[in-house]
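Protein sequences, first through last, are from chains E and L. Residue 352 in this note's numbering is what sits at position 352 of the first sequence, and the numbering runs on without skipping anything. Residue 126 in this note's numbering is what sits at position 126 of the second sequence, and the numbering runs on without skipping anything.
Honestly, the hints are just simulated from the structure, not real lab data. Each residue gets a CB set at the ideal place from its N, CA and C atoms; glycine is no exception. Keep in mind that the hints are not guaranteed to be accurate.
[Unchecked claim] Below, simulated BS3-like cross-link-like pairs (lysine-lysine); rule was C-alpha separation at most 25 Å, straight line:
| id | chain 1 | residue 1 | chain 2 | residue 2 |
| --- | --- | --- | --- | --- |
| 1 | E | K169 | L | K92 |
| 2 | E | K257 | L | K29 |
| 3 | E | K169 | L | K74 |
| 4 | E | K169 | L | K108 |
[What the hints assert, rightly or not] Per the computed footprint, the stretches of chain L lying under chain E, defined by three or more beta-carbons under 8 Å from a beta-carbon of chain E, are:
| id | region |
| --- | --- |
| 5 | 54-63 |
| 6 | 67-78 |
The chain contents come next:
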Amino acid sequence: MRLILIAFIAFIFIACSDNSTSSSDSSDPMPPDLNSSPLFYQQWSINYNSEFYSINSIDENAHINPQDILLTYSGIGVKVAVIDDGFDVNHPQIRDKIIKTIGVDENGVISSNVSHTYSSGFHGSSVTGIIASADDDIGVRGISPDVELILVKMPMYNVSDYVFIEVFKQAVDAGADVINCSWGSGDVSDAVRDYIDEISTNARDGKGVIVVFASGNGGEDGIGDDMGNDESAIDSVVGVGATSRDNLRTKYSNYGKDLDIVAPGGYWLGISTIDPVGSAGHSEDEYSRYDETRNGLAVSFVGTSASAPIITSVVALALQKNSDLTRVQIQELLKKSTTTIGQNTPYLDDMIVASSSTPLITGLYGLAQNSEIKVKLISHTNSTTFGPYSVESIGNSEWSSTVIDTLEDGNYTIRVVSDDETITWATDESFEVNSLKTSQTDKSKRKSDFYGYGKIDLYKLMDNIISL
Amino acid sequence: MYLKLLYIFILSSASLFGLDNFYYSNSKKIYLVPIDNQTLQKKAISKDSVEVNYYKTQNNTLLGVTNRLIVKFKSLKNNEDILERFNLVMVKNIYANVYLFKLDDNSKTLDVANELYKLERVEYAHPNFIREVKKR
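Please take these sequences and the hints and turn them into a complete structure.
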């Protein structure tokens, strides 16, 4: 259950795509780009840009079907709380949206400091960017750019149930209508469940706050697990899974009878959003995005962490249309406003590293029992030598490692160095990785019940709402 | 004699596998396996707690138990005798009928929580678990 970051090599997509299919005919399912945000063209979850879709082999229905909704609704009058690991409150695309910042520490002590704890921190900023990035002439466009933001920083380690409750209490006391949680513990206790039920029923003047949780990205094997007793499985919570550019549920997305809805979270191709300004964060600039200026190489935000804020935004748009909607009505509307999609059937068969130069890698999980290797790339020095395979990346820790050898389709060595003291199982040993073995992935862990969950259809949702 | 030995063996096996450690969640027993604290010492930094004992659930979730527990009473009134009987010291009224209590010893937290859970006047009780949250 991890945040997944995927670095990908665009030339693979280009090689796979058929340029002759590129078209600009009038059958585009939605209007052309809405605004002047320079990165809007690559926001495939909310924008059908036929050229970008073609180059990246994106299924024509992979978006959330916004049609003209984003021209009419922007979340005006809706307060969205994002609870996460920290935020860049000075990022030009969100700073003017923030109405309150609340930091809660391990002992439940409250402050107004919500800065990222580590310079490599970015998660909360990237989640927030998907929701609220300004509709202006820089960067990306949030799905609900006119919401008012309440940013709540919580600890990721040593979180007691009491602090858990305090964090939600702070968000509600600040007036949140919707609360986004792109994280989870996997095991929720009675007190936390009870408090979330309480605010989802009685807060917001008795209409109930809408609490949105990411369902999670599987365990260390990166294969989706049953949600079990996770926060996202609470009945009063909207639990959100992830879809890919193939318009399928991703293999990493956690599932279960309590999964409410799925939304784009990416797989290979991520969700473009903001990143902390300057050298902080995980990209070189202020955005996590697709970047063709670096030979198509990109570092982007991927996982159910990206799917949840899409649903949070969609709920904000719904509340702008009708602020009287209760949490129960929102859940009913969401379930009615979906399209059925399939499972992501290809699994790991041809993932795994090859190639050369000295790409920087974070988060090596070594050889799993079923002989697969998972790494997380943060940057590469040279993408063109990065074939014939590509790299699956999974993980959320601040590890770093370096590929020492020139990697070919055979043995290679990756040296892992931990720069994060909280990861107790980090090692500085070298791993021998055999790419032949890595192709023999155990497919027995495929889950047969991946399908059948609906993907959000924004147009349908807004159409289903009777306006005030 | 043999039966007695068998009984002792079963008891010690249960203890070995942590079957005597559990807490209640959603009316179900969640079994906990104690794990070596030494490897996790640096995680135990909660300044208000004297000590943290770590457990793993069957689905591998790591849970820390301190001397604190959370209790929800069905009624706000007439709970003093319960506090007295279990030596519960109130730390905070979290909201409504939900309280954070502390004990003088964290080795009793699971047992006291489970005893409280069985009481008619208690809606739920469990340790104020310390856990890791994962970004997704």
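Hint by hint, here is what the structure shows:
As the CA atoms of K169 (chain E) and K92 (chain L) are separated by approximately 14 Å, the hinted pair is consistent with the 25 Å bound. Pair hint K257 (chain E) plus K29 (chain L) holds up; C-alpha atoms about 21 Å apart against a cutoff of 25 Å. Restraint check: the Cα-Cα separation between K169 (chain E) and K74 (chain L) comes to about 21 Å, which is no more than 25 Å; the hinted pair holds. Simply put, K169 (chain E) and K108 (chain L) have alpha-carbon atoms about 29 Å apart, too far for the 25 Å limit, and the pair is violated.
Only residues whose beta carbon comes within less than 8 Å of a beta carbon in chain E count, and the region 54-63 of chain L has 5; three or more means the coverage holds. With 3 residues carrying a beta carbon less than 8 Å from a beta carbon of chain E, the region 67-78 of chain L meets the three-residue requirement, and the given coverage holds.
Taken one by one, the earlier hints fail for this structure only at number 4.
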